[in-house]
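Undergrad: Chain by chain, the residues:
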Amino acid sequence: MPVDDASYRAWDGQARPSAMASVAIASTMVRRLLRQRLLKALVIFAPVIACVVASLVFGLIAEGKVRIDGAGRPPSAPDIASAVRTMFGDSNLLAYLNRMFFPSLLSLAVIVAAFAGAPLIAEDRRSRSLALYFSRPIRHFDYVAGKFLTLFFFLGLFLLAPPICMYLTDCALSGEGTAAAHLGTFGRSLIPGAVACCLYGALAIGVSSLVERTNHAVLVFFGIIMLAFFAGNMLARGVFRDPSWLAVSPFSAIQRITSDVLPIPRQFVQDNYVASLDLSAAWWSVSLWTGGSLAMLIWRIRKVEVVA
Amino acid sequence: MILQTNHLSKSFGTTVALDDVTLEIGAGATGLLGPNGAGKTTLLRVLLGLLPAKGTASVLGVDPMRSPREVRARLGYMPESECLVPGLYGVDTVSFMGRLAGMPARAAFKRAHEVMYFVGLGEERYRDASEYSTGMQQRLKLAIALVHDPELLFLDEPTNGLDPRGRDEMLTLIAELARDHQKHILLSSHLLKDVELVCREVVMLRGGSVARRGDIKELTAGQTGAYLVTVANHDAEFRASLTELGAVASAKSPVHVVLPLGATTELIFEASRRSQARVKGLMAVRRSLEDVFLDAVEEPHAG
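If you read the sequences in order, they're chains A and B.
308 is the number that this note's numbering gives the last residue of the first sequence; the numbers go up by one with no jumps.
611 is the number that this note's numbering gives the last residue of the second sequence; the numbers go up by one with no jumps.
Don't read these hints as lab results, they were simulated from the structure.
Please note that a few of the clues may not be correct.
As the list claims (entries may be wrong) - From the structure, some residues in chain A lie toward chain B, with a derived Cβ separation under 10 Å:
id, residue
1, R16
2, S18
3, T28
4, L39
5, K40
6, A41
7, D124
What the hints assert, rightly or not - Quick list of simulated restraints, FRET-style, between CB atoms:
id, chain 1, residue 1, chain 2, residue 2, range
8, A, L288, B, G363, 51 to 59 Å
9, B, K501, A, A295, 44 to 52 Å
10, A, G184, B, G321, 54 to 62 Å
11, A, H140, B, Q312, 43 to 51 Å
Backbone N, C-alpha and C fix where the C-beta goes; we use that ideal spot for every residue, glycine too.
All chains, full assembly: derive it from the sequences and hints.
TA: Here it is, written out as structure tokens:
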């Protein structure tokens with residue numbers, strides 16, 4: 001067709017409304033959100049830092065194993081490597097690295113969830129584009145799933161890419177047999193990230209469906225996380241002096257789950273107070289926060305569509 | 309029959325938006341006329357399956373309340389309000405909506421370019437849609453409605469916010485779609501001229517119920533008792549004779565004559581005999597769509 005042909009042409013293809021609508025929503029939204037520099041920098045930052053840290057640690061270990069003269073190398077490298085290996089053992093070191101790295105990721109993931117999740121429905125409401133979405137043959141499920149996939153892309157990249165990068169670096173630098181030997185630890189290292197993805201994702205999108213302005217959604221999301229964190233700690237440490245109250249905070253609950261799935265020697269655990277939270281209470285907390293956010297989202301999205 | 313409703317009613321709290329709407333709409337372009345708040349947009353949304361309502365409806369042979377996705381796959385909707393997805397280029401918006409309609413990604417992208425050229429936005433494809441002027445946004449919404457090549461188009465106030473030139477261009481595009489590409493169109497508007505230019509049939513809504521419907525030619529063909537008469541000579545005497553016989557005659561030529569109630573054109577010829585004026589032309593004055601609309605809107609509500 002000539003580029004300037006302005007005549008109307010019939011389309012002879014076959015349109016097939018399907019579940020791929022959610023993929024279409026997700027891919028379009030991801031491309032749009034990636035134009036935000038802060039978000040782009042955050043999701044690239046985490047895996048890069050993870051690679052650098054893992055390369056240093058496993059590289060030092062590997063160097064300690066190789067019998068070559070020390071010329072040209074930092075003189076302490078083999079000693080550090082040897083000391084680290086003695087303390088942890090091979091598989092525990094991967095768990096320790098993930099455990100050390102995860103709380104920072106979990107804190108920063110709040111920012112990722114807020115900035116990637118807050119505009120997803122709030123902007124559609126404000127711009128009234130829901131009228132366009134729902135004039136197409138899509139279901140509520142497709143719309144919500146598309147928004148979730150968008151947020152999972154960002155949260156997944158931020159929370160799951162670092163353990164993957166660490167495992168791959170470990171495999172690359174620690175010699176043969178590492179991939180199989182550390183597979184279990186690697187699998188467990190993905191669990192806290194996956195749990196946080198679901199919880200933060202559901203909460204951020206749920207909040208996004210409540211308001212019409214992105215800024216408000218960001219503030220409400222931050223407010224809920226911070227309020228729950230301070231309330232949990234205040235109730236647990238001050239008012240009731242019972243660590244069960246830490247379960248009020250999703251942040252503490254996820255940290256407790258992390259300590260369960262990635263156990264490391266007790267002397268390396270910096271704050272034991274979260275570890276005193278009952279594990280089942282932590283899982284209940286995560287389930288209630290995620291389920292409650294989803295229920296709010298489902299209730300809200302039906303109302304929103306009607307008034308779109 | 310493209311579209312059919314049977315005793316369709318919809319209320320929002322105590323406000324009745326649709327009140328027992330029963331209508332049938334055939335192929336081609338049909339206008340949906342009514343003052344603001346008459347229920348036009350609500351009717352479109354019920355027919356899209358976006359709102360539940362009492363009664364039954366059928367769009368392209370499908371019940372929109374039972375199978376809304378099937379209906380939406382076969383029709384294109386151009387909403388009245390500003391509703392573009394923020395932060396996307398024009399062509400990406402159209403392509404995205406094509407994908408949501410079930411088109412494969414590549415086909416949607418190629419088709420998006422075609423329809424952007426058709427609506428006259430070819431050169432503006434790669435601009436952020438939120439930077440578009442009102443006229444361009446209206447064109448973009450038409451492109452979105454057309455991207456999956458639907459059989460039926462619901463166009464809600466498509467000329468809103470357009471300047472006279474933009475309005476003409478938009479109406480020309482819509483008329484071309486109906487005339488040359490056999491698209492069925494339901495054009496909702498409060499602008500009578502828009503409907504008159506594009507549509508063959510019209511449905512007039514008032515207070516949520518159907519006030520008039522039918523072929524525009526038939527609706528405007530009703531007797532008004534008014535005629536335009538051209539006479540070759542004795543203008544003044546002709547007017548005086550008409551006045552004597554009880555008619556109202558204008559001072560300008562051709563003479564606009566309004567006959568008294570019950571009188572026929574025989575009265576005009578009687579006046580011409582009396583004044584010895586030679587009648588060169590006689591034409592009945594048709595009712596305008598505006599006359600029909602005002603009658604429909606102002607007559608007492610049956611309900």
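Undergrad: Looking back at the numbered hints, which does the structure fail to meet, lowest number first?
TA: Checked against the structure, the hints that fail are numbers 4, 5, 6, 8, 11, while the rest are satisfied.
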